[in-house]
Amino acid sequence: MADIERVPKAKIRNFSIIAHIDHGKSTLADRLLEATGAIGEREKEDQFLDQLELEKERGITIKLNTVRLHYRAKDGERYVLNLIDTPGHVDFTYEVSRSLAACEGALLVVDATQGIEAQTLANVYLALENDLEILPVINKIDLPSADPERVKREIEEVIGLDASEAVLASAKLGIGVDEILEQIVAKIPPPAGDPEAPLRALIFDSFYDPYRGVVALIRVKDGTIRIGDEILFMATGKVHAVTELGVFAPRPTSVEELSAGEVGYVAASVKTIADTRVGDTITHARRPAAEPLPGYRKVLPVVFAGLYPVDSDDYDDLKDALEKLKLNDAALTFEPETSQALGFGFRCGFLGLLHMEVVQERLEREFGLHLIVTAPSVVYRVKLKNGEVREVDNPSKMPDAGLIEAIEEPFIRATILVPNDHVGAVMELCQEKRGVFQSMDYLTPNRVQLVYDLPLAEVVFDFFNQLKSRTRGYASFDYELADYRPSNLVKMDILINGEPVDALSVIVHRDKAYYRGRALVEKLKTLIPRQLFEIPIQAAIGSRVIARETVKALRKNVLAKCYGGDVTRKRKLLEKQKEGKKRLKAIGSVEIPQEAFIAVLQVDEGGRNGG
Amino acid sequence: MPDPGAVERGATADPAGFAPEAAPRHVYVHVPFCGAKCHYCDFAVFVGPRTPWEALYLEALERELALVLAPYGGAYPFPIETLYLGGGTPTALSPAALERLFDLLERAFPRRAPGMEWTVEANPEGLVGDEGRALLRWLRGRGTTRLSIGVQTFDDAQLSALGRRHTGREAEAAVLAAREAGFVHLSLDLIYGLPGQTFEGWTADVRRAFGLPIDHLSAYALEVAEATRFGRMQAAGALPLPDDDRVVEMYAFVAAAARDAGFEPYEVSNFARPGGRSRHNLAYWNNRPYFGFGPGAHGYAFGVRTANVPSLPRYVRARTLSEFRTEVRPVGRREAIEETMFLGLRLAEGVRRDAFRRRFGVDLEDVYGPVLRRLEAEGLIVIDARGIRLPEAVRPVMNAVLAEFLFDDR
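Sequence lines, in order, name chains X and R. According to the numbering used here, the first sequence is numbered sequentially starting from 1. According to the numbering used here, the second sequence is numbered sequentially starting from 1.
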């Protein structure tokens with residue numbers, strides 16, 4: 001405890017790093033840690049802040065981290081710099097906004113070879129909303145294709161920031177790191193706030209620790225928090241006693257108190273992460289603040305999918321695994337669900353598609369589960385003729401068409417940045433996806449910002465891949481939820497061998513139903529392996545079949561020569577066959593591979609001309 | 001090497017359940033020489049010059065025999081029931097080398113069970129003309145009882161497309177010559193599903209085969225292996241194979257034609273007149289132990305499955321047993337049970353209860369009860385008092401059923 005140096009509030013700087021994926025945020029963070037001696041050579045792992053294995057693999061930050069740096073500036077003074085990391089993906093916009101709210105400044109890292117991307121822009125706007133001082137950093141200047149002058153101009157023209165003092169850096173080679181540290185000290189204002197006022201501390205992240213319970217990462221805005229204090233979580237109304245306070249230096253290190261301007265963690269024997277909601281304000285139970293800090297909202301999942309174990313014996317394991325993940329992931333929701341086709345599983349809610357993928361991968365990798373994930377769905381608002389309004393997050397739960405007055409679906413407002421020559425392709429895609437044009441602005445002579453309102457369900461369905469392929473990767477994309485709007489939607493069922501497979505039902509726009517149905521049965525035909533009998537695959541709206549394909553019966557698999565006593569080869573062949581079968585799910589007597597359930601997502605729109 | 005004596009005494013430490021027939025009674029010898037490599041062939045063959053390779057091969061084979069039979073002083077004391085010379089083309093050896101090969105084998109396996117089956121594989125071009133007649137007489141004289149002739153098809157255009165070096169007429173002449181030389185056990189190999197082959201072409205092949213004095217027919221669907229000329233053609237999209245449905249019709253045709261000709265479909269791809277079954281291949285399918293000698297040969301002796309190095313140059317350099325082997329896999333009890341099932345179910349008679357019980361000390365039902373009931377309910381197996389077997393209609397897709405007999409926890 002004694003080895004944590006405290007400095008007056010005027011010597012504290014709280015900042016984050018805003019960057020597009022791959023623009024070098026994690027590498028820069030590592031250089032800052034090294035330059036301030038926060039990590040020595042010996043304990044240096046690449047990209048210290050990215051802890052999850054998955055994050056390392058994908059090079060993206062999913063969970064927040066924070067670290068306290070001690071820096072002696074050129075003015076001879078000792079400073080404490082708190083680096084608050086932000087997640088770098090559209091699914092986590094709210095978490096980003098809360099961690100930005102914990103800072104007074106941000107480094108805006110832009111790749112000198114690429115320029116500003118939509119995600120960066122969105123986060124810069126969030127930072128500006130929070131009155132942050134923004135320090136432009138132009139990274140990767142060591143690359144031959146670097147064009148720092150162009151990127152500077154872009155920062156000035158697109159965001160309106162003064163880029164004349166932008167640091168030219170190469171995080172990889174350690175160029176510019178000292179200057180960045182100096183600018184942090186010189187330009188980012190010290191925190192405001194009164195250490196004597198009633199306590200107000202912002203929770204910007206939390207995680208579950210098996211020994212401490214839930215640990216909340218906080219930024220103290222006003223007042224002082226001490227070990228033993230009775231604290232009140234203002235949004236949930238829960239009261240707990242502080243058992244531990246600390247800072248990440250970068251290892252967790254206990255302190256006696258944290259006061260206005262400081263960043264650290266608090267543990268208070270909180271059992272569930274839902275009690276420490278990101279954006280909530282911690283105050284003292286005996287002397288509460290009059291108002292919580294602004295900006296709290298409850299995070300609601302927007303994308304839902306069914307998760308089922310391939311082997312129904314694994315149901316309990318899946319439940320345990322989801323509960324364990326939930327400890328660390330307040331945004332994940334799940335509740336038991338039964339599918340006629342897939343048996344017992346869970347309806348899970350996610351912040352977005354990446355969040356869903358991350359959860360699925362962790363379940364498979366960390367918990368060794370074989371899963372079937374159904375096509376993601378959004379939450380439809382269904383108005384019934386009797387006046388009742390239902391929220392439907394699972395296509396198979398859609399009420400009978402005869403009972404429905406109207407269906408509303410969530411729309412997003414999408415911002416797409418794209419080079420001039422791909423504007424046409426993006427507009428075409430947005431039209432196909434039932435987008436409603438809002439605006440088009442030339443940010444620079446060569447870069448266009450398009451704004452469209454799009455049904456979220458269409459974005460969930462193959463939008464990212466299409467955007468990427470039609471613009472050869474040059475478009476970037478960000479969105480926020482807009483509102484609910486009525487749409488002409490129908491439920492389309494898939495029947496395999498005459499049996500409706502509820503997990504394959506989808507809600508589609510009526511005008512697109514035929515093409516989606518056609519494309520889907522064709523895709524399923526290629527995915528369902530030939531079996532010992534013929535299998536019809538049909539797409540139907542109500543009782544009307546709109547598309548049909550047939551998987552012919554398996555005819556041969558054994559008639560070749562079994563060469564002179566080579567039983568081992570034969571055994572390997574059968575083992576492979578058996579292993580392959582394990583990944584299939586039996587629906588009635590038909591065995592369906594996992595891919596079939598996500599095929600709903602992947603089929604080509606089928607009618608660029610007609611659909 | 002386990003102590004064969006102990007195994008022979010019926011030792012209880014016998015996980016593969018061999019007792020009481022632990023010592024192999026079946027011998028396979030691989031002769032890798034061929035005139036050229038056929039375009040579909042994925043076996044261990046050698047098309048280089050006979051000199052010096054024949055001599056090197058025979059020396060290496062002699063070493064391998066000596067190493068394996070060392071516990072018996074180099075001469076196997078148990079009577080052999082079947083001996084199979086496969087290839088390659090054993091008859092492609094020079095007369096002198098053949099002479100030496102037979103001498104070697106007679107020294108190594110001096111005891112023969114009454115009525116021992118001795119099969120030699122041959123290609124038609126080696127059995128015709130004066131040289132062919134001489135060879136046939138010589139083989140008869142040395143005790144060969146059965147010939148397996150690689151005909152593949154009688155269609156001359158197909159034959160040359162396969163890279164074969166004989167014609168359809170030569171194939172017929174070869175069979176007649178063998179019959180004339182006194183061979184009553186004659187088998188043909190045919191392949192169907194060839195590139196460009198029509199159903200009509202196949203029916204003509206089958207009719208010509210059954211018009212000959214043979215008592216056994218092996219009919220295999222073409223399997224294209226990557227490392228063959230056909231494999232490369234397929235990768236390049238230049239191999240016009242008939243589709244699966246057509247291939248299955250071809251199978252159905254040969255099965256029906258065989259029955260009409262008085263041949264039993266005793267194994268999925270093998271048909272025989274009464275008394276004409278390949279007892280050597282039956283040993284594989286009944287999961288009996290056998291020795292395998294020569295490059296690329298597989299063996300299953302004393303509870304261990306082995307595979308030899310396939311390359312002749314590597315084979316002839318081998319000095320120790322481990323240099324001869326590329327694979328040594330001890331077979332545990334569970335694996336032995338699995339193999340008994342997936343090999344035995346290839347046979348028309350399937351797996352017999354009494355044999356299973358004798359070998360493993362438990363009933364089929366004890367091991368596979370739930371699997372058997374499920375497969376029976378789905379019509380995929382037939383269960384009766386004798387044992388279990390596959391209905392004829394399931395045979396072309398039997399792998400799907402065979403895989404069910406592998407245990408889960410491996």
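It is worth saying that the hints were derived from the structure and are not from the lab. Watch out, some of these pointers could steer you wrong.
[Stated by the list, open to error] Capping the alpha-carbon separation at 20 Å, the derived lysine to any residue pairs in SDA-like fashion look like this:
#1 X:Lys556 to R:Pro391
#2 X:Lys572 to R:Phe199
#3 X:Lys556 to R:Arg359
#4 X:Lys576 to R:Val371
[Claimed, not checked] One-sided and incomplete, this derived list gives chain R residues near chain X with beta-carbon spacing under 10 Å:
#5 Pro77
#6 Pro79
#7 Glu249
#8 Asn281
#9 Leu380
#10 Ala403
#11 Leu406
A quick note: this is a predicted structure, and the numbers were derived from the prediction, not measured. Glycine included, each C-beta is placed from N, C-alpha and C at the ideal position.
Against the structure, the hints come out as follows:
For a cut-off of 20 Å, the pair hint linking X:Lys556 to R:Pro391 stands: about 15 Å separates their Cα positions. The straight-line distance between the Cα atoms of X:Lys572 and R:Phe199 is roughly 32 Å, outside the 20 Å bound, and the hint therefore fails. Of the supplied pair hints, the one linking X:Lys556 and R:Arg359 is violated, its CA atoms being roughly 32 Å apart against a limit of 20 Å. Of the supplied pair hints, the one linking X:Lys576 and R:Val371 holds, its CA atoms being roughly 19 Å apart against a limit of 20 Å.
For R:Pro77, the interface hint is violated, since its Cβ never comes within 10 Å of a Cβ in chain X; the closest pair sits about 23 Å apart. Annotation: R:Pro79 was flagged as interfacial toward chain X, and the flag is violated, the nearest CB pair being 20 Å apart, outside 10 Å. At its closest, the beta carbon of R:Glu249 sits 9 Å from a beta carbon of chain X; the interface hint therefore holds under the 10 Å criterion. With a least beta-carbon distance of about 9 Å to chain X, the hint placing R:Asn281 at the interface is held under the 10 Å criterion.
The closest approach between the C-beta of R:Leu380 and any C-beta of chain X is roughly 7 Å, which is under the 10 Å cut-off, so the hint is satisfied. A least Cβ separation of about 4 Å between R:Ala403 and chain X falls short of the 10 Å threshold, and the interface hint therefore holds. With its C-beta approaching chain X no nearer than about 5 Å, R:Leu406 sits inside the 10 Å limit, and its interface hint holds.
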